[in-house]
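2 protein chains.
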Amino acid sequence: MSYTAELIAVGTELLLGNIANTDAQDVSRTLSELGINVYFHTVVGDNPERLKQAVAIAKSRANIIITTGGLGPTFDDLTKQTLAEAFGRKLVYNEEQAEIIEGFFKRRAHGAAMTENNLRQAMLPEDCVVFSNGCGTAPGCAFEADGTHVLMLPGPPRECRAMLASCAAPYLKKLSQSEIRSHNIHIFGLGESAVEARLHELMESMENPTLAPYAKEGEVMLRLTARARDESEAERLMAPVLEKVKSALGDIIYGIDAQSLENRAVELLRESGKSVAVAESCTGGLISKRLTDVPGASEIFPGGVTAYSARAKTALLGIAPGLIDKYGAVSRETAAAMAEGARGLFGADIGLGVTGIAGPGGDGSGLPPGTVYIALAFDGGSYCRRPGIFRADDRSHTRMLSASHALDMLRRFLTGLQVESEVF
Amino acid sequence: MSYTAELIAVGTELLLGNIANTDAQDVSRTLSELGINVYFHTVVGDNPERLKQAVAIAKSRANIIITTGGLGPTFDDLTKQTLAEAFGRKLVYNEEQAEIIEGFFKRRAHGAAMTENNLRQAMLPEDCVVFSNGCGTAPGCAFEADGTHVLMLPGPPRECRAMLASCAAPYLKKLSQSEIRSHNIHIFGLGESAVEARLHELMESMENPTLAPYAKEGEVMLRLTARARDESEAERLMAPVLEKVKSALGDIIYGIDAQSLENRAVELLRESGKSVAVAESCTGGLISKRLTDVPGASEIFPGGVTAYSARAKTALLGIAPGLIDKYGAVSRETAAAMAEGARGLFGADIGLGVTGIAGPGGDGSGLPPGTVYIALAFDGGSYCRRPGIFRADDRSHTRMLSASHALDMLRRFLTGLQVESEVF
Numbered sequence: 010m011s012y013t014a015e016l017i018a019v020g021t022e023l024l025l026g027n028i029a030n031t032d033a034q035d036v037s038r039t040l041s042e043l044g045i046n047v048y049f050h051t052v053v054g055d056n057p058e059r060l061k062q063a064v065a066i067a068k069s070r071a072n073i074i075i076t077t078g079g080l081g082p083t084f085d086d087l088t089k090q091t092l093a094e095a096f097g098r099k100l101v102y103n104e105e106q107a108e109i110i111e112g113f114f115k116r117r118a119h120g121a122a123m124t125e126n127n128l129r130q131a132m133l134p135e136d137c138v139v140f141s142n143g144c145g146t147a148p149g150c151a152f153e154a155d156g157t158h159v160l161m162l163p164g165p166p167r168e169c170r171a172m173l174a175s176c177a178a179p180y181l182k183k184l185s186q187s188e189i190r191s192h193n194i195h196i197f198g199l200g201e202s203a204v205e206a207r208l209h210e211l212m213e214s215m216e217n218p219t220l221a222p223y224a225k226e227g228e229v230m231l232r233l234t235a236r237a238r239d240e241s242e243a244e245r246l247m248a249p250v251l252e253k254v255k256s257a258l259g260d261i262i263y264g265i266d267a268q269s270l271e272n273r274a275v276e277l278l279r280e281s282g283k284s285v286a287v288a289e290s291c292t293g294g295l296i297s298k299r300l301t302d303v304p305g306a307s308e309i310f311p312g313g314v315t316a317y318s319a320r321a322k323t324a325l326l327g328i329a330p331g332l333i334d335k336y337g338a339v340s341r342e343t344a345a346a347m348a349e350g351a352r353g354l355f356g357a358d359i360g361l362g363v364t365g366i367a368g369p370g371g372d373g374s375g376l377p378p379g380t381v382y383i384a385l386a387f388d389g390g391s392y393c394r395r396p397g398i399f400r401a402d403d404r405s406h407t408r409m410l411s412a413s414h415a416l417d418m419l420r421r422f423l424t425g426l427q428v429e430s431e432v433f
Numbered sequence: 010m011s012y013t014a015e016l017i018a019v020g021t022e023l024l025l026g027n028i029a030n031t032d033a034q035d036v037s038r039t040l041s042e043l044g045i046n047v048y049f050h051t052v053v054g055d056n057p058e059r060l061k062q063a064v065a066i067a068k069s070r071a072n073i074i075i076t077t078g079g080l081g082p083t084f085d086d087l088t089k090q091t092l093a094e095a096f097g098r099k100l101v102y103n104e105e106q107a108e109i110i111e112g113f114f115k116r117r118a119h120g121a122a123m124t125e126n127n128l129r130q131a132m133l134p135e136d137c138v139v140f141s142n143g144c145g146t147a148p149g150c151a152f153e154a155d156g157t158h159v160l161m162l163p164g165p166p167r168e169c170r171a172m173l174a175s176c177a178a179p180y181l182k183k184l185s186q187s188e189i190r191s192h193n194i195h196i197f198g199l200g201e202s203a204v205e206a207r208l209h210e211l212m213e214s215m216e217n218p219t220l221a222p223y224a225k226e227g228e229v230m231l232r233l234t235a236r237a238r239d240e241s242e243a244e245r246l247m248a249p250v251l252e253k254v255k256s257a258l259g260d261i262i263y264g265i266d267a268q269s270l271e272n273r274a275v276e277l278l279r280e281s282g283k284s285v286a287v288a289e290s291c292t293g294g295l296i297s298k299r300l301t302d303v304p305g306a307s308e309i310f311p312g313g314v315t316a317y318s319a320r321a322k323t324a325l326l327g328i329a330p331g332l333i334d335k336y337g338a339v340s341r342e343t344a345a346a347m348a349e350g351a352r353g354l355f356g357a358d359i360g361l362g363v364t365g366i367a368g369p370g371g372d373g374s375g376l377p378p379g380t381v382y383i384a385l386a387f388d389g390g391s392y393c394r395r396p397g398i399f400r401a402d403d404r405s406h407t408r409m410l411s412a413s414h415a416l417d418m419l420r421r422f423l424t425g426l427q428v429e430s431e432v433f
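Line order of the protein sequences matches chains X and R. Residue 151 in our numbering is what sits at position 142 of the first sequence, and the numbering runs on without skipping anything. Residue 344 in our numbering is what sits at position 335 of the second sequence, and the numbering runs on without skipping anything.
Treat the hints as calculated values from the structure; they're not laboratory data. A portion of the hints provided could be inaccurate.
[Stated by the list, open to error] Computed beta-carbon distance windows for the label pairs: (1) R:202 - X:115: 11 to 21 Å; (2) R:11 - X:112: 21 to 31 Å; (3) X:255 - R:155: 50 to 60 Å.
[What the hints assert, rightly or not] With a cut-off of at most 25 Å between alpha-carbon atoms, the simulated DSS-like pairs for lysine-lysine come out as follows: (4) X:225 - R:225; (5) X:255 - X:225; (6) R:61 - R:115; (7) X:68 - R:255; (8) R:99 - X:61; (9) X:61 - R:68; (10) R:68 - X:68.
Note that the Cβ used here is the ideal one computed from N, Cα and C, for glycine as well.
Taking the hints into account, I'd like the entire structure generated from these sequences.
Right, dumping it as structure tokens:
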């Protein structure tokens, strides 16, 4: 049979705008991967009457209701009570969960004392599937009543995500009786609409597997998802599509199931046994920060310099003052000298150098804010890339994309691809 | 009269989990500051039938309906058509908006050509208040019908936020007939629940002004909001509460209406004419990145070093190898030497040094992952702070909070406060 799910997020903090409803995004993504339709999300406060109202409406439109939030220990956490009542279930005390909750408090470093309230979390609808909470105290649960499946997940995003992956997704997978596999295709160097244009025909004709684009921070990710009886059949379904996508997009694909440009770059450096050092001006440490976001980066990253002053550029990176005077601090030549300087300073195989004007203001040179030069130096020369002028009014965007270009140049260099392409 | 608003976000990408509904958060925050109640959010796809259904339900529960999304140029953008129909309005062609849209395309750097579709955006409900779009092409609008106020805002968060501030908020303010003023109280050094505990009585008794806590990345922000006939009366209402909060929380308040710890630190450095340099190990460039997030940081930040290798720590920062051997790379002594080294290397007045184990793995020293030492060096000595062990399984949290501690030490040093307090 076909399933339609509806999400109900419970929490006054959502209605006050204290937080965004990221749980709905996490749950929705999982549901779409499972091929379960979602037509409505609802957010309601910690108010049993209005929650009952929302549940009644959802019940009339869907056969899976997933709630997030309202499982906490305080008296305004009423999701379990309200849903159990709406579906004629009693709440019963769950010994096992009570012990887990007590254990959680015993383990805690800063040992906040457990209150009686916390044990209210061990009250669960009778005959439900219990979802244990790996990150917090509130257990979730699922039950079927009147042909509707009700799933309850905790509100805190970390707890919700963890329980979604470990408990809710498997429960829903059983319903949809199919194995879901997906591959993420990571792209840097082309905008979302341009990517879609190249894949238009392919995407239009697809039903299973499906191909969905996600754009973020100057990157595009395509998620290829197949549903099948088993894993290997799902892979068989995806293989030809994956090939078509690869040949359509070529080397702007920086990884399949990679996590990020920095993860890919660190992976390639490890494989090649090479190290990289950075000298940053307008990115101000962001490249260094992104490389060290990757656990184990120390093996391939001796270090970096944020050269925000002329003194740092000349004295520390050993750039001839004359060079900066002649070409300007924001120039292809200075970027290359910074990259070479970083290489020497840290004894690395590869150096990255970035200089530019992040904005909003200019630097007096007459160059427009958003102008950035990125260089990669190696034993034998250097490459430089100058992306199109970035928006002067979006400093963080300019910095993030400049760092991404540097990491993209790195992975292109390490895989023998053309490094100097004018990407955007 | 009293107003109740309901939000309807339109967009299949929300139901697929491609993006989170941040528009709802932005709009809700504005509404709560205006004292307008919000009891429900709904998300619906680009489907006129289901949107009509959601509008009918909202109409029965609220007298203000605010939609976000579905104002785009493509044929699945049906918000205006559907809402106009639901309230018996015709859509009419708006000359002025058509010209604005054409102008937008003429101005564009990479000049994407305008299509006929774009002019569909100039169709608006008759007799509506037009909300011009400063950031994009899709105009929003508002009208009153059957005693319900309908506001339509664009979906892209940047456009939604801008139109909310410049058009929707003033429109709603007129309805609620009051002036809203608020102050943000920024706190570092105490968790949300502890802050609430200190202010419990004060917060309980409050109606106008209101005091709402927002927790994020190890910080707490209190938003104090007053409604009054005019600005000065609102300020008069807030003044005594602000004093009470200040005396209850003391110097863990790092700023009122400050933007962030880094903004506050840069501001204080400018005022004092002092400069700061950083030497980072486990934070890997994050402190440098955060300082340079602030426009104009170059005046007070000559630069920083990410010392991820022993060579960088000794050769570059001039730390005696013996010191690291004796005390370990992750120690109070090494942190202080790094801070002093950064000071010397960049000729700065103040140096910050951070060394620790971000995790998830250990460094072989036997110290638990999550152990971090942060030092501030100045002409005359150094201070060091060692926060409680961070969670080993949350590398980015450890790095972010370590950077925040360094920035907090900086602002405490510059304002003559105790720097070494064990904050967490």
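We went through each hint and held it up to the structure:
1. R:202 - X:115: 11 to 21 Å: 20 Å, holds
2. R:11 - X:112: 21 to 31 Å: Once the Cβ atoms are compared, 48 Å apart, the range 21 to 31 Å for residue 112 (chain X) and residue 11 (chain R) is violated.
3. X:255 - R:155: 50 to 60 Å: Taking Cβ atoms as reference, residue 255 (chain X) and residue 155 (chain R) lie about 55 Å apart, which means the hint holds.
4. X:225 - R:225: 22 Å, holds
5. X:255 - X:225: 20 Å, holds
6. R:61 - R:115: Not satisfied, since the Cα-Cα distance of roughly 36 Å exceeds 25 Å.
7. X:68 - R:255: With a Cα-Cα distance of about 49 Å, the restraint between residue 68 (chain X) and residue 255 (chain R) is violated, given a limit of 25 Å.
8. R:99 - X:61: With a Cα-Cα distance of about 36 Å, the restraint between residue 99 (chain R) and residue 61 (chain X) is violated, given a limit of 25 Å.
9. X:61 - R:68: 18 Å, holds
10. R:68 - X:68: Holds, at roughly 20 Å.
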